[in-house]
Amino acid sequence: MSEGLTWTVYDADSMTQAEIYGQVLCDLGDQYPEIVGLSADLANSTKIGKFGKKFPERFINVGIAEQNLFGVAAGMAKAGLLPFVSTMATFASMRACEQVRTDICYQNLNCKIIATHGGASFGQAGSTHHCTEDVAIMRSFANMTVIVPADGIECANAVKACVEYPGPVYIRIGRGFEPKFYDKDDYGFEIGKAVQLMDGTDITLICCGVTVLQAMEAARFLKENDGLSVRVLNIHTIKPIDEEAILKAVLETRRLAVFEEHNIHGGLGSAVADVIALSGKGCAFTKVGIPDCFCEVGYPEDLYTHYKLDADGVIETVRQVMEMDFEEDDDWEDEV
Amino acid sequence: MALSTKEIKELEQHAWQARHDIIDITGWSGGAHIGGGLSVADMLVILYFKYLNVDPKNPQWEDRDRLIVSKGHAGVAYAPVLARKGYFDFQDLETFNKFKSPFGMHLDCLKVKGVDVSTGSLGHGLPIAVGLALGARIQKKDWYTYCILGDGECNEGSVWEAAMAASHFKLNNLITFVDRNGLMIDGSTEEVMGLEPFSDKWRAFGFIVKEVDGHDFNQLAEAIDFAKAEKSGPVVIMAKTAKGKGVDFMENEVKWHYGGLDTDLRAKAKASVDRMYGKA
Ligand SMILES: Cc1ncc(C[n+]2csc(CCOP(=O)(O)OP(=O)(O)O)c2C)c(N)n1
Ligand SMILES: [Mg+2]
Chain A
1 MSEGLTWTVY
11 DADSMTQAEI
21 YGQVLCDLGD
31 QYPEIVGLSA
41 DLANSTKIGK
51 FGKKFPERFI
61 NVGIAEQNLF
71 GVAAGMAKAG
81 LLPFVSTMAT
91 FASMRACEQV
101 RTDICYQNLN
111 CKIIATHGGA
121 SFGQAGSTHH
131 CTEDVAIMRS
141 FANMTVIVPA
151 DGIECANAVK
161 ACVEYPGPVY
171 IRIGRGFEPK
181 FYDKDDYGFE
191 IGKAVQLMDG
201 TDITLICCGV
211 TVLQAMEAAR
221 FLKENDGLSV
231 RVLNIHTIKP
241 IDEEAILKAV
251 LETRRLAVFE
261 EHNIHGGLGS
271 AVADVIALSG
281 KGCAFTKVGI
291 PDCFCEVGYP
301 EDLYTHYKLD
311 ADGVIETVRQ
321 VMEMDFEEDD
331 DWEDEV
Chain B
1 MALSTKEIKE
11 LEQHAWQARH
21 DIIDITGWSG
31 GAHIGGGLSV
41 ADMLVILYFK
51 YLNVDPKNPQ
61 WEDRDRLIVS
71 KGHAGVAYAP
81 VLARKGYFDF
91 QDLETFNKFK
101 SPFGMHLDCL
111 KVKGVDVSTG
121 SLGHGLPIAV
131 GLALGARIQK
141 KDWYTYCILG
151 DGECNEGSVW
161 EAAMAASHFK
171 LNNLITFVDR
181 NGLMIDGSTE
191 EVMGLEPFSD
201 KWRAFGFIVK
211 EVDGHDFNQL
221 AEAIDFAKAE
231 KSGPVVIMAK
241 TAKGKGVDFM
251 ENEVKWHYGG
261 LDTDLRAKAK
271 ASVDRMYGKA
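Taken in sequence, the protein lines are chains A and B.
Okay, so the first sequence: first residue is 1 according to this note's numbering, each after it adds one.
Okay, so the second sequence: first residue is 1 according to this note's numbering, each after it adds one.
Because the hints were derived from the structure by calculation, they are not lab data.
In this text the structure is predicted, and so the values were computed from the model without any measurement.
There may be inaccurate statements among the hints.
[To be verified] EDC-like mimics (lysine to aspartate or glutamate), calculated; alpha carbons at most 20 angstroms apart, straight line:
#1 A:Lys53 / B:Glu191
#2 B:Lys111 / A:Glu217
#3 B:Lys255 / A:Glu34
#4 B:Lys113 / A:Asp292
#5 B:Lys85 / B:Asp63
#6 B:Lys98 / A:Glu296
#7 B:Lys228 / B:Asp248
Next comes chain B alone, as it looks inside the complex (with noise of 0.2 angstroms):
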């Protein structure tokens, strides 16, 4: 259903202070993976403000959606979502990157509240989403799986191995996120390593492709409510975004893949961000 004018007005105000967050976590962590932080940010906020059926009062909640941040360098923008969604403070964010912080570059799922599995290591995510989506299958249970995957990500073999398994078992109750950005660290996706004709790469192995563009809640909410619908097989939504999204510096700039902010250039990338949402 499309969202009301109410929902995506809500949508991005989370959306703004995310972006806003994600630039405060990275000036004073001293460095951070911001450009993937940004380009995912917007479907951490409708997963959590809109879709997941979670608790924040009870993180363990057996019955809750599953979400694996596969890509979980964007641990940057994954822990302000979360803190915001309320299941801890976002003053505890202060503590990024130091000494004993419960909360490194890639989030810890033994040290930080809601998160359910422990990523880093590219192209683990979709194999544990598959294990979970056959949990849930095995207890009949209906919760889903959401993953969200890098696109350079998508180089390891273990994401394919793990399509294979997912499509082979028809798992209707996966939903997988493809962050397309087009870059990673070396340059372009298809510098690096060609992914195209990538969408047709998930169809040979038995995926409905969802092409939408990852910023526009309205086209990501219609993927979604497309992928829980569907009971033929798992759904990939390929979300096309910017690195660096919201920030006019960093769009797009293979550079921005992790960096830091002083002071100067913090207050340089929020006022971008609001002039993107009108609130300059």
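The shape of chain A in the complex, shown without the other chains (with noise of 0.2 angstroms):
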């Protein structure tokens, strides 16, 4: 029986992601004056109440209701303020599905939603607070742009970004335990360009949020060990989608894996498979993701070896999709 650590609430102030989120917000708002905060009991959990503790008078409060949360958010907006809203993701997308749909993005709104304990980053939690449907739900609602930042680096320069970036912008990452990925912030971060880890000519990695750091360690291993040239896309934008990146991918590699902390339909997997699709181009690819499934509880750790969305699973796959078959030209002969 293994014993638990001592914290609360409180003590998780040494989050990543969400703290520096927090603490990039603070700056924002002495630059702008017209940012305001909100959100919906999960002012600590989510970090933003660093925010309200700087700028009381625009911070917004407006206890366990999600629904008012994204409505009051809309009207803030409309009265020409900049709304900055953090809940968990699952609420933010789900809960508040349709005032973040009708009511921000129909209007195209300038709001920025920050959305907390995306993925299974709360896997002890349970299913109600796994989130592994929102890049999906949000990626379908017109006006909206969605970013899965691989770190907390990446997260400020995602907030940064959006500020100036007009309309609804989602911005979704974890608990605020993952790892740092970035040293430094100047790597060139641009809403909607996939930033290129590492080249190669053999398959290409394609990745976003906790699975950029363990795509580019099995990148690095298989490398070494395999004499594989792996290329590794860190597509941090899911929409709008860099289809330019993309192309150049099953062009130059001929081989595609996709891996993201979602489910397999109708996330990033789903966003490059439309593209290579529309495209014609034939290539081998594979998605790795939360397989349908609703997520087995526990440990993010422990869950992300199970799909197989740590280095070793991405390695796993890779040799898989080395193997694979694919058509480079129209005899479908041999294939049925």
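Dock chain to chain to rebuild the complex, using the hints, since each chain is given by itself in its own frame.
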């Protein structure tokens, strides 16, 4: 029987992504007086409370009422303010789904959503707190921009970039305990542009969020041990997606594998598949995520391993994709 | 009917056990919603060990009473009470929170025997309870539906949509509890989003309100007896409680909504519980 740690919701102040985000928002608050913060009894857990402490008169906690939260944000945006709204991803995308779609996206309001506890990052809480559908939901809303940052540094970049980016933006982060990936912030983050982390010609690994670090570790291993030339793309912006980078990868590597902390339906993998299918080009392709089931209970690390989203899982998948047959020509005779 | 001294003694023994169990599970799971688990423990105990017409050997028995723990984060209290009632072994809870465990912090009705409805997203329980109560009525069944809400949870509009429906349909087979511990995550309920005059709000929505001390078994029993006998419409039992009840360093402390306990704190917490029950 293992012993629990002694910590409370407040000690979680060491949260990386969320904490950095809270700090960045505080700095932006000085620069942009129109920024307001909103939460629904999760000011502390999401870290938007940092902004609330600094600008109490510009922070609204509506209580545990997510539909109201996004309706109120829409009203504040209509009044000329720039709302940043934070709650858990599951409640932002599903409880307040129609408010986000109809009140915010339909009216193309300048409203930024920073959704925490995405994917299986709060795995031990169970299915009500897992969020493996949000990217699919948000991606289906016209006018919405969807970003899944790799770590705290990238989250900070996304938050800064979205201030001047028009219209609604959904930024999905974890619970805050995710490891750091970037050492510095000047690697050329731009909304809608993939970041190429490693160049290669045998296969392209496409990832976002927590899988970025894992894919990079796997790529280094595969280079050394399997002699593979692996390209790694961090596609942090899932909508609008960087079609050019994907098509270039299809042309130059002819094998692609996508890794994401999301249901395999509707997320980054589906977005990439759309681009490939519409291009009419053939390639070996696979997508790895939560295989259309309600995710198991457990601490995130165990779940990432189970769903093959850790470095070992990525290596296993790459070896399979390297064996995959695909048609470069029109001759389907040997396939059917 | 007032409880006998023997009944009270038995319930207190169960409540003492539940508090010890909550502390243990919080310790070995790494973290759980201990504050709200301790505040709701006595309601769970009196329901399972006095009122609920259920059969742990036959958890799906169709004529059983139904309970929805709408404040689903109280899984840390709900699970051990189910275990002690006989639905499964208490030792099974050693996997709480762990990989592939049936027990996440919020209990899943497809994985945990005795759980009628999966909860954890606040504001879902009362609408489902209304549906269950209507279902019993339409099928001419006489089982009761019980639902336990958090007070912060009552910020959710869906709670009030369901409340409106419960009184509109005069659901006298629905008994609702509010765990009125006065706290949510970001502070006290009145600081974050004022609920008062809270009982009046329920009255305005057509409920009969019984205000009780949620840690007093006699008062809880009297209110439940009243609610079961009341024929005109739904009753809500406004149970005044203390978050963290029984553990002196947690009582009414907002930061103990969620937390973990090391061996040392576990011992301190249990010692405090023992003092409350005169067992020290
Ligand atoms: C829809 C929804 N929003 C937010 C949360 C996160 N959350 C979990 S517990 C909690 C506070 C609950 O307060 P209350 O209902 O008073 O419960 P208690 O004090 O009994 O623990 C919040 C906001 C949630 N589980 N569901
Ligand atoms: Mg409360």
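To see whether the hints hold, each was checked on the structure:
no. : hint                : result
1   : A:Lys53 / B:Glu191  : holds, 15 angstroms
2   : B:Lys111 / A:Glu217 : violated, 36 angstroms
3   : B:Lys255 / A:Glu34  : violated, 31 angstroms
4   : B:Lys113 / A:Asp292 : violated, 25 angstroms
5   : B:Lys85 / B:Asp63   : holds, 18 angstroms
6   : B:Lys98 / A:Glu296  : holds, 10 angstroms
7   : B:Lys228 / B:Asp248 : violated, 34 angstroms
Checked against the numbered hints given earlier, the structure breaks hints 2, 3, 4 and 7 and satisfies all the rest.
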